[in-house]
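Order-wise, the sequence lines are chains A and B.
Be aware that the first sequence starts at 50, since it is given in this note's numbering, and climbs by one per residue.
Be aware that the second sequence starts at 9, since it is given in this note's numbering, and climbs by one per residue.
Calculated directly from the structure, the hints in this document are not laboratory data.
No residue lacks a Cβ here, since even glycine has one placed at the ideal position from N, Cα and C.
Please note that the accuracy of each hint is not assured.
What the hints assert, rightly or not - In silico BS3-like cross-links for lysine-lysine, where the CA-CA straight-line distance does not exceed 25 Å: (1) B:59 x B:44; (2) B:25 x B:46; (3) B:112 x A:106; (4) B:35 x A:106; (5) B:64 x B:35; (6) B:59 x B:112.
To be verified - Label pairs and their calculated CB-CB ranges: (7) B:66 x A:66: 21 to 31 Å; (8) A:69 x B:88: 38 to 48 Å; (9) B:24 x A:131: 42 to 52 Å; (10) A:87 x B:90: 20 to 30 Å; (11) B:48 x A:128: 19 to 29 Å; (12) A:102 x B:20: 27 to 37 Å.
Chain residues, written in single-letter form:
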Amino acid sequence: IAGITQAPTSQILAAGRRMTLRCTQDMRHNAMYWYRQDLGLGLRLIHYSNTAGTTGKGEVPDGYSVSRANTDDFPLTLASAVPSQTSVYFCASSRNIQETQYFGPGTRLLVL
Amino acid sequence: SQELEQSPQSLIVQEGKNLTINCTSSKTLYGLYWYKQKYGEGLIFLMMLQKGGEEKSHEKITAKLDEKKQQSSLHITASQPSHAGIYLCGASRGGSQGNLIFGKGTKLSVKP
Numbered sequence: 050i051a052g053i054t055q056a057p058t059s060q061i062l063a064a065g066r067r068m069t070l071r072c073t074q075d076m077r078h079n080a081m082y083w084y085r086q087d088l089g090l091g092l093r094l095i096h097y098s099n100t101a102g103t104t105g106k107g108e109v110p111d112g113y114s115v116s117r118a119n120t121d122d123f124p125l126t127l128a129s130a131v132p133s134q135t136s137v138y139f140c141a142s143s144r145n146i147q148e149t150q151y152f153g154p155g156t157r158l159l160v161l
Numbered sequence: 009s010q011e012l013e014q015s016p017q018s019l020i021v022q023e024g025k026n027l028t029i030n031c032t033s034s035k036t037l038y039g040l041y042w043y044k045q046k047y048g049e050g051l052i053f054l055m056m057l058q059k060g061g062e063e064k065s066h067e068k069i070t071a072k073l074d075e076k077k078q079q080s081s082l083h084i085t086a087s088q089p090s091h092a093g094i095y096l097c098g099a100s101r102g103g104s105q106g107n108l109i110f111g112k113g114t115k116l117s118v119k120p
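All chains should be built: construct the whole structure from the sequences, respecting the hints.
In structure tokens, the structure reads:
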């Protein structure tokens with residue numbers, strides 16, 4: 050693994066279903082982030098984690114949850130998907146907060 | 009809250025021509041990042057500027073931050089088709105979150 054990987058690459062999901070988007074980084078970065086990108090709205094922060102074991106809410110956290118059990122992984126869970134969660138989701142990491150963020154390739158999610 | 013305005017929204021240039029993209033903030037910038045995004049892909053980090061008057065270059069791309077640290081420009085010299093994509097500026101919010109706020113992006117097309 051080099052950098053940040055995300056899985057799946059894309060997904061079609063029925064409304065009401067539970068879904069976990071995976072994010073893994075191999076750079077030993079302390080901070081990790083989840084953004085969603087929507088046309089006309091740009092990139093918005095969902096949740097973040099400054100270090101393993103801690104998480105925080107971003108700008109648009111409702112309907113999403115995260116966990117940070119270790120340094121490398123930062124999964125994002127949609128407990129009960131709704132069509133408004135159709136978006137492209139990007140995971141990012143930085144060595145520490147306030148440092149340069151590096152982004153994964155994204156997950157395209159369509160909720161029907 | 010801090011807003012980032014990018015201009016132009018889109019740009020079509022002939023291969024070999026120079027171009028400039030601007031990013032303006034309503035507040036003083038304490039960390040300004042430039043990213044490039046190709047359609048359907050993640051964000052690629054280009055450069056980060058912190059000091060007023062700072063200028064950085066990488067290959068044919070030069071980024072500048074003005075003395076007041078409220079405006080940044082990205083200049084591409086002798087554009088090539090490989091420069092095509094969406095250019096995003098991002099600024100650090102500061103505080104404990106560490107996330108970036110982003111401009112809406114500038115879509116660049118380069119005609120061969």
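Requested in this report: Give me the numbers of the hints this structure contradicts, sorted from smallest to largest.
Outcome: Violated: hints 7, 12.
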